[in-house]
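Engineer: The lines below spell out each chain.
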Amino acid sequence: AQRVTQPEKLLSVFKGAPVELKCNYSYSGSPELFWYVQYSRQRLQLLLRHISRESIKGFTADLNKGETSFHLKKPFAQEEDSAMYYCALSSANTGNQFYFGTGTSLTVIP
Amino acid sequence: DTGVSQDPRHKITKRGQNVTFRCDPISEHNRLYWYRQTLGQGPEFLTYFQNEAQLEKSRLLSDRFSAERPKGSFSTLEIQRTEQGDSAMYLCASGRGGGFYTFGSGTRLTVV
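The listed protein sequences derive, respectively, from chains A and B.
If you count by the numbering used here, then the first sequence holds residues 8 to 117, one letter each, in order.
If you count by the numbering used here, then the second sequence holds residues 27 to 138, one letter each, in order.
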């Protein structure tokens, strides 16, 4: 069965410190992994996807198939990064529906 | 194009009543998804349409839930005989496949 695990519900870091939001998944096929972000009072929006191998707002995420992880990283956190972050898994075999983790609430302390 | 629109934003209803939510996707998107999100949880998949065809439904979608997408445009999600456990945020998303989806702001349902 598909499952996405985000072990940290809450994460606080100081401005300028590195941040890592953990995501582990279980899936028997070849999934696509995503990070979605929800800023206060805004809708859920795509942050990045593993296929793109891009950096958005300074965030990167590398898919580690051996460890079945897709951790989100940023070397220097900014106050505007404070938000709810969701890791999600999708597969064409399942109609591209998303399986979301429970989310991590990131607070960047000024 | 103003993105994915959902109406209403909030709905308070008494237990046992029926409610209907509407989602207007981005016009050129052929795929439409409904998700439900409860407090402290990530969104959970309910159902999905490709054009007007409902291709998949989650086990979460009991017989009291029904969704339609006539003509492959807007979609409605109806909950009959609402229960307190139905209280949640109902999210709609649309896309063209390949993982790029745009979410709406959601409809928050409170069953009292």
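If you are wondering where the hints come from, they were derived from the structure by calculation, not from laboratory data.
Any given hint might turn out to be false.
Stated by the list, open to error - List time: in silico SDA-like cross-link candidates among lysine to any residue, alpha-carbon distance up to 20 Å:
no.	chain 1	residue 1	chain 2	residue 2
1	A	Lys16	B	Gly66
2	A	Lys72	B	Gly125
3	A	Lys16	B	Leu65
4	A	Lys64	B	Thr128
Engineer: Decide, hint by hint, whether the structure agrees.
Structural biologist: We went through each hint and held it up to the structure:
no.: 1; hint: Lys16(A) / Gly66(B); result: 9 Å, holds
no.: 2; hint: Lys72(A) / Gly125(B); result: 19 Å, holds
no.: 3; hint: Lys16(A) / Leu65(B); result: 12 Å, holds
no.: 4; hint: Lys64(A) / Thr128(B); result: 19 Å, holds
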